[in-house]
Amino acid sequence: MMSDHPSYQLEPAKVRSQFLRLLPISLFVVAFGAAFGLAAVQKGLAPLEATLMSVVVFAGASQFATLEMWGNEVALLPLMAVVFAINSRHLLMGASLFPMLRELPPFKRYGILVVLTDANWAIAAQDYQNGRRNLEVILGGGLVLWFAWLVGTLLGVYFGGLLQEPRSLGLDMVLGCFLLAMALGGRKTPRVLVAWVVSGGAAMAAYWWLPAHTHVVVGALAGGIVGFFWLEPKPHGH
Amino acid sequence: MAIETTTTGILLIIAIMALVTLATRFGGTFLMSFVTISPRVEGFINAMASSVLIAILTPMAFDGDIGARAALGTTALVMLATRKPLPAIAAGILAAALSRYLF
Chain A
1 MMSDHPSYQL EPAKVRSQFL RLLPISLFVV AFGAAFGLAA VQKGLAPLEA TLMSVVVFAG
61 ASQFATLEMW GNEVALLPLM AVVFAINSRH LLMGASLFPM LRELPPFKRY GILVVLTDAN
121 WAIAAQDYQN GRRNLEVILG GGLVLWFAWL VGTLLGVYFG GLLQEPRSLG LDMVLGCFLL
181 AMALGGRKTP RVLVAWVVSG GAAMAAYWWL PAHTHVVVGA LAGGIVGFFW LEPKPHGH
Chain B
1 MAIETTTTGI LLIIAIMALV TLATRFGGTF LMSFVTISPR VEGFINAMAS SVLIAILTPM
61 AFDGDIGARA ALGTTALVML ATRKPLPAIA AGILAAALSR YLF
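Respectively, the protein sequence lines represent chains A and B.
The first sequence begins at 1 in my numbering and counts up one residue at a time.
The second sequence begins at 1 in my numbering and counts up one residue at a time.
Don't read these hints as lab results, they were simulated from the structure.
Heads up, some of the hints might be wrong.
Okay, the calculated bits of chain B under chain A, using three or more residues with CB under 8 Å as the criterion [unchecked claim]: (1) 1-7; (2) 10-22; (3) 42-55; (4) 63-71; (5) 79-92.
Predicted, not measured: the structure shown is a model, and the values here were computed from it.
Idealized CB from N, CA, C, for every residue including glycine.
Using the sequences and the hints given, assemble the complete structure.
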């Protein structure tokens, strides 16, 4: 049924080139990491605790959200629910990579998913839409993003925020602009555009009327349903 | 149930966060390994992939301040005109900074 013929070979040289490809955006990730580190020590986490969290969790939005719940104690179930809800987009990202990932042996398949995050996934997804198979960016790009998140957190916990007003410089919009550029860089067939309209509408409805942090999954699944019923006239080969 | 934020408690909290997050990173791929990839499933996956991005971005644009809207609008225009991500992202950030400075 699955992985009968593992045939995707991760190329070390390509992993290195994808590491460098994401180096520029990683510099911005350092700034966000510093903001997290500063916020964490202000909430009472020890520097090493905040750093450990960044190293093993590596999911910025959910780490910030956890700080909002911080006190003398942290309620267990709400903590798990918030972390799961915010990070549930990873479920969809991992699923979307499955047609490529199934060609890796399980150890490598799940190994590279450890560093799956928005930016490296967006590039892999865009490359796939354009007919290029690029799992190396998940590993190489993920490693540079992870390293930047670690370095940023360390700077934040020991030296405070790097910039006084990152917002006034527009730096809070780096990831949003990056993801938008990736979305618009893919193929734009009528089918894709209808899926986007449905996805955006469903996401807004969920954002307004459903529990917090559900809008990404709701919107993405709604867009996926369009693709389920409206098939491409000609199958898109690899 | 609640966990006290002592050193041990914080380590436990971090471990729980890490495990939940790892489950989201592995879960989608794991579940897909039980699904037969028919053309319809492939259609679902492909449409869902770019829809993830749209679902992240739409509330950002709707609910964002003028800087967020200027950034996303400018990035979209430059990206559609040039098809080059880096100038599009740079223009978007510049638009956010400028609009926040001016308004």
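Outcome of the hint check:
Restraint check on the stretch 1-7 of chain B versus chain A: 6 residues with Cβ-Cβ distances below 8 Å, three needed, restraint holds. Chain A is given as covering the stretch 10-22 of chain B, and this holds because 11 residues of the stretch bring a CB closer than 8 Å to a CB of that chain, at least three being needed. Given as covered by chain A, the stretch 42-55 of chain B passes the check, having 14 residues with a CB less than 8 Å from a CB of that chain where 3 are the minimum. Under the rule that three or more residues need a Cβ within less than 8 Å of chain A, the assignment of the stretch 63-71 of chain B holds, with 4 such residues.
Check on the stretch 79-92 of chain B: 8 of its residues sit with their Cβ under 8 Å from a Cβ of chain A, so the three-residue criterion for coverage holds.
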